[in-house]
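Engineer: With the sequences and hints as input, model every part of the structure.
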Amino acid sequence: MRFNEVLDTLRADGAFWVADAPESWGQGRTLFGGLQAALLVAAMREHIPRDIPLRSLQTTFVGPVMPGTVRISVQVLRQGKSAIHVQAQTVSEQGIGCTALAVFGRARPSKIRIEPTYPVVRRGPEDSPTQRFVEGFSPQFLNYVEQRWASGNMPFTGGTEARTQIYVRYPGEAVTESLLIAIADTIPSPAISLLKTFAAASSMTWTLEFLIDDFSTLPDAHWLMDAEVTAARDGYIYQTATLWGADQRAVALSRQSAVVFG
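Numbering (my numbering), first residue to last: 1 to 262.
Just so you know, not all the hints are guaranteed correct.
[Claimed, not checked] Per label pair, the in silico range of CB-to-CB distance: (1) Ser202 to Ser151: 21 to 27 Å; (2) Ala12 to Gln248: 37 to 43 Å; (3) His47 to Val120: 40 to 46 Å; (4) Ala221 to Ile114: 21 to 27 Å; (5) Arg78 to Asp127: 44 to 50 Å.
Worth flagging that the hints you see were computed from the coordinates, not collected in a lab.
Just so you know, these numbers come straight off a predicted model, no measurement behind them.
We put the CB at the ideal spot given by N, CA and C, even for glycine.
Structural biologist: Below is the structure:
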């Protein structure tokens with residue numbers, strides 16, 4: 001089941017929303033975090049006008065969300081003149097798995113406009129080596145993803161710099177708000193590129209801030225994730241990233257905290 005096909009299963013079930021997420025979208029002992037966040041936002045969208053852009057998404061991965069039927073609760077916290085705050089979470093017999101707080105906001109008049117500067121990138125997607133899916137080693141959801149390394153070391157290769165630039169593409173998928181959420185969470189942490197042997201890593205918190213609000217004209221192309229670990233100690237890592245479109249326009253800003261068991 002492809003990414004947008006999973007999103008299409010979202011439906012009302014009493015006071016909740018439910019979706020069907022197969023094991024092929026697994027990441028370790030949980031569902032791929034980008035899919036979790038995308039499902040929460042999709043459920044939020046059922047409660048607010050769809051023409052109001054997503055500005056900020058704060059996600060906390062509390063516990064595992066198992067494949068199968070994902071149950072989601074949504075609460076609109078406040079609806080102001082311009083901004084709407086919405087909270088959603090996955091719920092199961094084991095408790096809360098993933099919780100998110102999103103801010104949707106209409107455009108406001110402003111004289112301030114600052115555009116991020118596109119980074120120096122050594123290689124284009126056609127010239128960048130591809131990370132292949134390896135059964136029993138790679139997360140299951142990577143079966144649906146193409147990743148090409150523009151710079152930096154691949155995971156567990158003993159690199160010396162905790163920064164990577166990786167082109168990401170979900171072949172054949174329509175570009176939507178939900179897909180871009182998933183793309184922004186797809187790449188492995190640059191921190192594990194420093195390790196020489198396998199070690200598990202898991203995101204704890206994630207903040208994603210969208211810089212664009214019109215996805216209708218965006219092509220199915222390679223998206224560049226420029227990511228860097230800014231600090232790490234005691235098994236916790238903190239990283240920032242920017243998602244860039246094929247037109248070298250900044251699409252979203254990302255910041256994550258994660259744990260690494262190695």
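Engineer: Run every hint past the structure and note whether it holds.
Structural biologist: Hints versus structure:
no., hint, in the structure
1, Ser202 to Ser151: 21 to 27 Å, "holds (25 Å)"
2, Ala12 to Gln248: 37 to 43 Å, "holds (40 Å)"
3, His47 to Val120: 40 to 46 Å, "holds (42 Å)"
4, Ala221 to Ile114: 21 to 27 Å, "holds (25 Å)"
5, Arg78 to Asp127: 44 to 50 Å, "holds (48 Å)"
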